[in-house]
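Quick mapping for you: the protein sequence lines, in order, are chains D and X.
Per my numbering: the first sequence = residues 74 to 452.
Per my numbering: the second sequence = residues 74 to 452.
Bear in mind the hints are in silico, worked out from the structure with no lab data behind them.
Hints are supplied without guarantee of correctness; some may be wrong.
Said to hold, decoys possible - A few chain D residues facing chain X, derived, Cβ under 8 Å:
hint, residue
1, 80
2, 84
3, 148
4, 319
No residue lacks a Cβ here, since even glycine has one placed at the ideal position from N, Cα and C.
Protein chains: 2
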Amino acid sequence: MENFTAYNPTQLHFGKNVADTLGETALAYGKKVLLMYGKGSVQRNGIYDKIVKQLKSVHAEIIEYNGIKPNPLVDDVSEAAQIGKLNNIDLIVAVGGGSVIDSAKITALAIANNTDPWAIMKYKFKPKTTIPLIAVLTLAATGTEMNGAAVLQNHETGEKIGYVSSLNYPKHSFLDPEFTFSVPKNYTAYGVVDLIAHSLEAYFGEGDASLSDRFVEAIVKEAMEYGPLVLKEPENYDYRANIMWAATTALNGLTSYGRKNGDWGVHDIGHNISYLYDTAHGATLSIAYIAWLKLQKDRIPARIKKLGNQLFGTNSVDETIVNLETFFKSIDCPVRLSDIKIGKEKQEEITQQMLKNQIDGMAHKLSDDDRKQIVELMM
Amino acid sequence: MENFTAYNPTQLHFGKNVADTLGETALAYGKKVLLMYGKGSVQRNGIYDKIVKQLKSVHAEIIEYNGIKPNPLVDDVSEAAQIGKLNNIDLIVAVGGGSVIDSAKITALAIANNTDPWAIMKYKFKPKTTIPLIAVLTLAATGTEMNGAAVLQNHETGEKIGYVSSLNYPKHSFLDPEFTFSVPKNYTAYGVVDLIAHSLEAYFGEGDASLSDRFVEAIVKEAMEYGPLVLKEPENYDYRANIMWAATTALNGLTSYGRKNGDWGVHDIGHNISYLYDTAHGATLSIAYIAWLKLQKDRIPARIKKLGNQLFGTNSVDETIVNLETFFKSIDCPVRLSDIKIGKEKQEEITQQMLKNQIDGMAHKLSDDDRKQIVELMM
Numbered sequence: 074m075e076n077f078t079a080y081n082p083t084q085l086h087f088g089k090n091v092a093d094t095l096g097e098t099a100l101a102y103g104k105k106v107l108l109m110y111g112k113g114s115v116q117r118n119g120i121y122d123k124i125v126k127q128l129k130s131v132h133a134e135i136i137e138y139n140g141i142k143p144n145p146l147v148d149d150v151s152e153a154a155q156i157g158k159l160n161n162i163d164l165i166v167a168v169g170g171g172s173v174i175d176s177a178k179i180t181a182l183a184i185a186n187n188t189d190p191w192a193i194m195k196y197k198f199k200p201k202t203t204i205p206l207i208a209v210l211t212l213a214a215t216g217t218e219m220n221g222a223a224v225l226q227n228h229e230t231g232e233k234i235g236y237v238s239s240l241n242y243p244k245h246s247f248l249d250p251e252f253t254f255s256v257p258k259n260y261t262a263y264g265v266v267d268l269i270a271h272s273l274e275a276y277f278g279e280g281d282a283s284l285s286d287r288f289v290e291a292i293v294k295e296a297m298e299y300g301p302l303v304l305k306e307p308e309n310y311d312y313r314a315n316i317m318w319a320a321t322t323a324l325n326g327l328t329s330y331g332r333k334n335g336d337w338g339v340h341d342i343g344h345n346i347s348y349l350y351d352t353a354h355g356a357t358l359s360i361a362y363i364a365w366l367k368l369q370k371d372r373i374p375a376r377i378k379k380l381g382n383q384l385f386g387t388n389s390v391d392e393t394i395v396n397l398e399t400f401f402k403s404i405d406c407p408v409r410l411s412d413i414k415i416g417k418e419k420q421e422e423i424t425q426q427m428l429k430n431q432i433d434g435m436a437h438k439l440s441d442d443d444r445k446q447i448v449e450l451m452m
Numbered sequence: 074m075e076n077f078t079a080y081n082p083t084q085l086h087f088g089k090n091v092a093d094t095l096g097e098t099a100l101a102y103g104k105k106v107l108l109m110y111g112k113g114s115v116q117r118n119g120i121y122d123k124i125v126k127q128l129k130s131v132h133a134e135i136i137e138y139n140g141i142k143p144n145p146l147v148d149d150v151s152e153a154a155q156i157g158k159l160n161n162i163d164l165i166v167a168v169g170g171g172s173v174i175d176s177a178k179i180t181a182l183a184i185a186n187n188t189d190p191w192a193i194m195k196y197k198f199k200p201k202t203t204i205p206l207i208a209v210l211t212l213a214a215t216g217t218e219m220n221g222a223a224v225l226q227n228h229e230t231g232e233k234i235g236y237v238s239s240l241n242y243p244k245h246s247f248l249d250p251e252f253t254f255s256v257p258k259n260y261t262a263y264g265v266v267d268l269i270a271h272s273l274e275a276y277f278g279e280g281d282a283s284l285s286d287r288f289v290e291a292i293v294k295e296a297m298e299y300g301p302l303v304l305k306e307p308e309n310y311d312y313r314a315n316i317m318w319a320a321t322t323a324l325n326g327l328t329s330y331g332r333k334n335g336d337w338g339v340h341d342i343g344h345n346i347s348y349l350y351d352t353a354h355g356a357t358l359s360i361a362y363i364a365w366l367k368l369q370k371d372r373i374p375a376r377i378k379k380l381g382n383q384l385f386g387t388n389s390v391d392e393t394i395v396n397l398e399t400f401f402k403s404i405d406c407p408v409r410l411s412d413i414k415i416g417k418e419k420q421e422e423i424t425q426q427m428l429k430n431q432i433d434g435m436a437h438k439l440s441d442d443d444r445k446q447i448v449e450l451m452m
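Start from the sequences and build out the full structure, keeping to the hints where you can.
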């Protein structure tokens, strides 16, 4: 087992009506709030009203930025940071899924350090401080509510990349499973894929971490049991709660303690597809994971077998991959680019993107030949 | 799933030589250190020297209290608190297992609030503040290194009881698996029992928490795989590391999120046996858990079956209990009081102790008849 520090500074409030104390919680950090959210769903489903009511109950001054898109853009973060700086805000309250909360993390850093958000994302500027962030989660998927990661894309440089810092942890996160009742079926399923992919990115890292392996297996089993159920009953509280908590634990440290690293090659592949075609993150992962496993199956058979044994009771590498593919299909997630109407005519463009950005894993390095093969396997 | 807050303020440093930064870490809290430890083993195995060297490297002033016994006494805590107050200490560094760290937690509260430690333990005085605590763990067992619990006994009142407070979390805990290499076989095995018992106390609480159930199953499987191995190879780093991390996760919140409560009846029984005969905590738990399961088997068969199915692949309640008993025996832990030379002649005394203190669980309440039956089942 590798050395590690187990520490997570986020206070995560989980359950029915937990956001009813958000006002008091926010007040501890100040009164000038930058309220960040996305493109309208939180207004339609009433969550926006609840949060504004909370902030008004403590007489907070609310400055809004509501331009955040799925596959969030650094341009929006720059704009939000400008508004935040101009208004001298005390804290950010972010209401949404991974895109909104990730954007808020980098906005907070850009404001506090008065710097260009992309310089932060590229690790060219090392932030020393940040502005407090309170997250209200409306989509169970990325785990951003309890970790230090953020992903943004930049159309100028042609990249979608991740950035990790201990400054990025939200001070508080509010997770009410009822806030996810209105998430459409496809995004609910993509969230299930995302949390499985996060667990597996840890699993396919380097180093022996027996208990962390068991936690991965536990989380993936939970996702495979309750994912299909929540798709059948989107307003079942317990199903939504089980998936929401599983998504948090999939990327809050638990699955990684004692490992040298994770892999994250599949995420790198997925981000580049999202960059090209604005594909939903989860949809890229179900496609990329199957391709990646096929590429790696003769290189890491023992590891894939261990997973297959735990998840599916099989000792066959091929069966493990087929079973995972079958599961993704069963929740209507794509397993080939053709499933999302990206045909052979795009193969060259995708290959060039993968080669240009040298997509790679941390544990399992990819050659240019691997990059080409992965694209072939995804078609 | 019940509402919960997931937050653990302890910074836990795990791995080889992690205590090499203890000096710098301690310095952040001040220079006057109350160094608490037990009855000599940390001096014999060199850990004491390492910690003192660390503290001296940052010119800390060290005041020592080394009177802590296994099954720790409130009298020792009172004495340590007196010394701490007299010397106006800034922080406590506790080097040892559960007894030392638990004692240090209550010593810190007694100093900071200038009050009687037993009044704290009995919840008669509500502490508002505490003194920073840094823990150096030398025994994988209780989980105290990353939680808010402490257990003490009092010979005046005839009790051994637990106290839980959010003030009790150590600021930092240092867990070097090598620090447990010299733990004797019997105490290593008792630690394995203790961590299994903690996991099961959560499991037999009330409320549906599917992922927390899976985490319990993962931790208990880890203990059952690596417990026997570490007994065979006490200086195998990875085996020691796996057991040490399993013991932390068994009682740092992870197994309880989403439940209404745990049970803790077995611990109450065990504490009262330890009180009477100074029996090692873990040794009381392997005895008490088997008896408790036999008492409960017709009341909660589905729950016991679920556990048995996961751990032993059986759907039989009786087989589950027999298999757990067999496991405890396989690591030389007692499963009857007669195994630790407590015979029939003590049955009345034990029964009276259980009745007097009204031993009870939180989820599964015990009647006086149950208390008598449990003692009968333990004989």
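Going down the list of hints, with the structure as the test:
no. : hint : verdict
1   : 80   : 4 Å, holds
2   : 84   : 4 Å, holds
3   : 148  : 34 Å, violated
4   : 319  : 6 Å, holds
When held up to the earlier numbered hints, the structure conflicts with hint 3 and nothing else.
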